[in-house]
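Following the hints, position chain B with the ligands against chain A.
Line by line, the protein sequences are chains A and B.
Counting in the working numbering, the first sequence runs from 352 upward without gaps.
Counting in the working numbering, the second sequence runs from 352 upward without gaps.
Simulated from the structure, these hints should not be mistaken for lab results.
Small disclaimer: the values here were computed from a predicted structure and weren't measured.
Among these hints, one or two may not hold up.
No distinction is drawn between identical chains; accordingly, a pair holds when it is met within one copy or between any pair of copies.
What the hints assert, rightly or not - Derived pair list, reagent style DSSO-like, types lysine-lysine, alpha-carbon separation capped at 27 Å:
{"hint": "1", "residue 1": "Lys865", "residue 2": "Lys886"}
{"hint": "2", "residue 1": "Lys865", "residue 2": "Lys437"}
{"hint": "3", "residue 1": "Lys393", "residue 2": "Lys816"}
{"hint": "4", "residue 1": "Lys441", "residue 2": "Lys865"}
{"hint": "5", "residue 1": "Lys861", "residue 2": "Lys886"}
{"hint": "6", "residue 1": "Lys437", "residue 2": "Lys507"}
{"hint": "7", "residue 1": "Lys886", "residue 2": "Lys437"}
{"hint": "8", "residue 1": "Lys478", "residue 2": "Lys507"}
{"hint": "9", "residue 1": "Lys712", "residue 2": "Lys865"}
{"hint": "10", "residue 1": "Lys441", "residue 2": "Lys380"}
{"hint": "11", "residue 1": "Lys380", "residue 2": "Lys712"}
{"hint": "12", "residue 1": "Lys779", "residue 2": "Lys712"}
{"hint": "13", "residue 1": "Lys474", "residue 2": "Lys441"}
{"hint": "14", "residue 1": "Lys380", "residue 2": "Lys474"}
{"hint": "15", "residue 1": "Lys478", "residue 2": "Lys437"}
Number of protein chains: 2
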Amino acid sequence: KPIKDRQRLPVVPQGIERDDFLAALAELKVQIGNENVEINDKPLKDGWYMEHPNTHDMMTILDEEELVASAVVYPSSTEEVQDIVKWANKHRVPIFPISMGRNLGYGGAAPRVRGSVTVDLGKRMNKILDINPEDYTCLVEPGVSFYALYDAIQEKGYHHLWIDTPDLGGGSVIGNTVDRGVGYTPYGDHWACHSGLEVVLPTGEVIRTGMGALPGNNTWQSFPYGFGPYSDGIFSQSNYGIVTKMGMTLMPNPGGYESFMYTFPNEEDLAPLMEIIRPLRISMILENVAQLRHVTQSVAARGLPRSQFYSGTGPIPPDVIHAAAASAPVGDHTWAYYGMAYGPAHIRAHKLALVDAEFRKIAGARKVDPATLPADEYYFSRDRVAAGVPDIHELRWVNWAPNGAHIAFSPVSPIRGTDATRLFALGKRLHDAYGIDFFPAFCVGLREMHLIVEIVFDRDDAERKQAALDCLRDMIDEAAAMGYGEYRTHLVLMDQVAATYSWNDNALMKFNEKLKDALDPNGILAPGRCGIWPKRYRGRGWEM
Amino acid sequence: KPIKDRQRLPVVPQGIERDDFLAALAELKVQIGNENVEINDKPLKDGWYMEHPNTHDMMTILDEEELVASAVVYPSSTEEVQDIVKWANKHRVPIFPISMGRNLGYGGAAPRVRGSVTVDLGKRMNKILDINPEDYTCLVEPGVSFYALYDAIQEKGYHHLWIDTPDLGGGSVIGNTVDRGVGYTPYGDHWACHSGLEVVLPTGEVIRTGMGALPGNNTWQSFPYGFGPYSDGIFSQSNYGIVTKMGMTLMPNPGGYESFMYTFPNEEDLAPLMEIIRPLRISMILENVAQLRHVTQSVAARGLPRSQFYSGTGPIPPDVIHAAAASAPVGDHTWAYYGMAYGPAHIRAHKLALVDAEFRKIAGARKVDPATLPADEYYFSRDRVAAGVPDIHELRWVNWAPNGAHIAFSPVSPIRGTDATRLFALGKRLHDAYGIDFFPAFCVGLREMHLIVEIVFDRDDAERKQAALDCLRDMIDEAAAMGYGEYRTHLVLMDQVAATYSWNDNALMKFNEKLKDALDPNGILAPGRCGIWPKRYRGRGWEM
Ligand SMILES: Cc1cc2nc3c(=O)[nH]c(=O)nc-3n(C[C@H](O)[C@H](O)[C@H](O)COP(=O)(O)OP(=O)(O)OC[C@H]3O[C@@H](n4cnc5c(N)ncnc54)[C@H](O)[C@@H]3O)c2cc1C
Ligand SMILES: Cc1cc2nc3c(=O)[nH]c(=O)nc-3n(C[C@H](O)[C@H](O)[C@H](O)COP(=O)(O)OP(=O)(O)OC[C@H]3O[C@@H](n4cnc5c(N)ncnc54)[C@H](O)[C@@H]3O)c2cc1C
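One chain only, chain A, in its complex shape:
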């Protein structure tokens, strides 16, 4: 990939003189060590998932130099994070914390404000501070990935403890959880499963939430609330603090588990299927955040480029997709449901029988026999993930486009046929209009579902990038007009998404801004993240 011409590096944050900035960095080097302050003045490298950059979004939807860090700093302790925060206040430098920076689809490692100093917490603060085999909890630092946590538990031989992992295991437990990510066991709602935070505030103080505020306690990871206001929530999807430690509950080994997969032939099966899924899900007969996936993404999940199937432009025609699906081990279908039953055999049998009877009410429903599938079939990745085993198979569909990158549209809806159909139709129409292949996957939570639509694009094709972004922006606006909002979004879309949560003349955003100004009077911490701009930035055209 050619390295583009660049402006003089590093990109200094707006409003600060280059020399002052470099002098400030020199000061910080004295504080936390020369080698722990890295100026971003070399060519940007995208790397790949396992060796991803921390200076920008490796899957950028804009020009990659737009949202780029001026420098990256590596604290080794909570105290050093405090030092960095105080330094940022002194010099009015915007800083942007990441745990591991693998927030792909939502901005990767990029900061929201160009030229921010990225605080890469994960590199040196990567200890598992505790695994408690009696309480089924752990306490981790920002650099602990799902892989690392899983491995540590196996090493200790704690087979009674399970973790919950998102589709990709390389992200950090903290980064994923504070962005309110999801996984696929019954402990899939990571935010709901955490217990206790240590947070460095934007003015440099450090607090512990919940029972962590009680000296000598032994319940920080067991009881999330503590006494008084339960403030953890305001540190998720926000820019109010830097999380330096987090407690996480661990799932008890359920004593057995069994993946299952059903396929359904027609697009129109979506609505009746959702009506079947909802009551089964709410009553925990369907126990995990299952995915209901569209065949186009299933074909893409093989990891082959789209060009192997089709050489035309515009969305790949349905007959091509169905032919490709028909020739694969799973066979032709439109929807595939991946679920798992947990518990001993007779308990699983009870649930599986109920599911089977219900799912078969859809004409043409087919239960896929795993014995017929080859070992590298996507099914087995879902099987691992639903059993809390970290994986990266999911990355394969990113190969669909050359120089593949992706960005996500993630609206929330009830688990209902009408809602699923409306969102599907909206996405389909706009993908068609922009000539984009449509990858809808419904991730079914307890009473709601996130529809995750991943747009895969060639990051070196400016026109396709623009089409992806335009399509996303249209989907967000049209969905909001129908009452659907995103659960999470990409850095570039945060202003737009935040603006859809506008009830009562944007009362919630005004409230968020009031908190921001109280907690971060100099506006140094992740300005603009989740659409929240500090006073110094407001009304100056930073939104995009």
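Structure of chain B with the ligands alone, referenced to chain A:
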């Protein structure tokens, strides 16, 4: 009960002239109606549970005139709550919101600051705004009690929907939930089960949290988080806002249920029993917040006065209690575990068999056959409550003392033998020292338990009241020194409990105060609640 001499009524809030205060109230009468502003200038009446006062704590541990309202106001809408808040800001009058004011054991209807204007939300804002039989959710106003919600669901014939109720069904869903109360089905963690708030801020603006901020949404009650900072938590156990609407999820009828009760003979059985309970609870074999109760409270739960069993002073001797227990239908024991298994018969059988095998490892464990118990036995109250059927049997043990009142000590600990034993010993020693009967009940959450110790006292006996308060204060301090903190506390003890959460030089309280000052610059909303004093009050000796 004799009516005491009183100072000139109403008790005007400190710092305001009587005439100014009365003029301000007259102004408010014009705004929300004469009949909706009630000056508290009549003798205080304690009433009883179903007809409780809203002017003070009917079970006060201080003199009942200490924490007393100057007036009570009755808004009929969110707009009127906003009017009241703006009025309070204009006149710098402390206001104190209650939903129903049945927070017995934790302060009842009393305000923290003497002379506050109580905002009784429940009287006129008592609508069930929605019951959604598909999503298993509801949306309620502050005056909706657990009884009212239950009845409305039955009336609609929605037998597939269960509610979760605390021991007493007369409290409000909102009041109980914002104080982070607990119930006894698998949906017992009320805070975790709510979804969506409407909140009037201390400066008069109104926000909706979660998906509620998205106009036209249909997910406010299904997906709690929305987009951006998840702020609900800071409106629980706090004084940052007045909750005017709340969404609550409803449990699916599990398709069958079955209470069970085991007794254990010795005090020392506590530790091994906890070791047995913990893994069963975390893995949801024990599915609900069960109670493990001490025999003294079981005897008291019959509703007879202590004088029927014993006429001496000091703690009732063990042999008297055991003799009383032996003559009752359940028979003698020291600990009683009340649990429930949910689901169809064969699923329950699986869980009950596991529980039985484990519990019987304690020598002398006995499963009580419900068929041997009379209909008004306490067991059946627990049975109803664990099935989400509101009840008030639990009130009976308050009759233990003449003019019975009670106050709770509620520390959190891991579910562990060592912790249970330490807390039991601490409580026992201090109860003995103060000559108080000891009622410990362990309410076992998922990974932690609340030990709820209810001290029953004669509210007309100043000496016994003082002993109860002294005992509580000692328990709080000693427990904190051992690392245990309260999950919730009485108004009178909030400063003390908040001060135990002191990690890093009271960093959490300083943070709470920062939020308070940002959100409530005039300090009008529930000053002092949960130990959080607004700037105007700090350093002026308001703590107690
Ligand atoms: C193919 C594919 C599949 C995916 N599937 C899933 C999935 O199933 N579920 C899912 O949830 N995600 C999914 N993702 C998105 C993403 O990969 C994961 O969420 C990942 O775990 C996040 O990466 P991270 O931990 O490195 O987060 P980071 O990038 O470190 O953090 C994410 C953001 O949170 C904030 N943040 C991070 N750490 C802190 C901190 N300590 N204090 C304050 N703020 C902080 C920062 O703003 C940061 O930008 C997927 C991505 C891809 C490419
Ligand atoms: C015998 C006995 C058994 C009990 N068992 C239990 C139990 O099992 N579980 C349990 O949780 N509790 C229990 N309690 C305590 C109490 O009865 C319940 O918690 C009850 O539901 C609370 O009453 P309420 O809804 O009237 O709350 P309120 O008194 O209305 O509210 C409680 C507090 O919350 C705040 N508040 C209330 N409404 C709002 C609002 N709209 N906005 C902002 N702040 C607000 C106020 O500060 C108020 O003082 C028990 C009490 C007794 C006497």
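We went through each hint and held it up to the structure:
1. Lys865 with Lys886: both (9 Å within a copy, 17 Å between copies)
2. Lys865 with Lys437: Classified as both; 21 Å inside a copy, 18 Å across copies.
3. Lys393 with Lys816: within (25 Å within a copy, 73 Å between copies)
4. Lys441 with Lys865: So Lys441 and Lys865 pass the 27 Å test inside a copy (22 Å) and across (21 Å) alike.
5. Lys861 with Lys886: Classified as both; 11 Å inside a copy, 22 Å across copies.
6. Lys437 with Lys507: The answer is neither: 39 Å in one copy and 59 Å across copies each exceed 27 Å.
7. Lys886 with Lys437: both (18 Å within a copy, 25 Å between copies)
8. Lys478 with Lys507: within (15 Å within a copy, 54 Å between copies)
9. Lys712 with Lys865: neither (52 Å within a copy, 57 Å between copies)
10. Lys441 with Lys380: Intra 15 Å, inter 51 Å, cutoff 27 Å: intra-copy only.
11. Lys380 with Lys712: neither (66 Å within a copy, 62 Å between copies)
12. Lys779 with Lys712: within (26 Å within a copy, 60 Å between copies)
13. Lys474 with Lys441: within (25 Å within a copy, 52 Å between copies)
14. Lys380 with Lys474: Only inside one copy: Lys380 and Lys474 sit 17 Å apart there, 62 Å across copies, limit 27 Å.
15. Lys478 with Lys437: within (24 Å within a copy, 49 Å between copies)
The structure fails to meet hints 6, 9, 11 from the earlier list, while all remaining hints are met.
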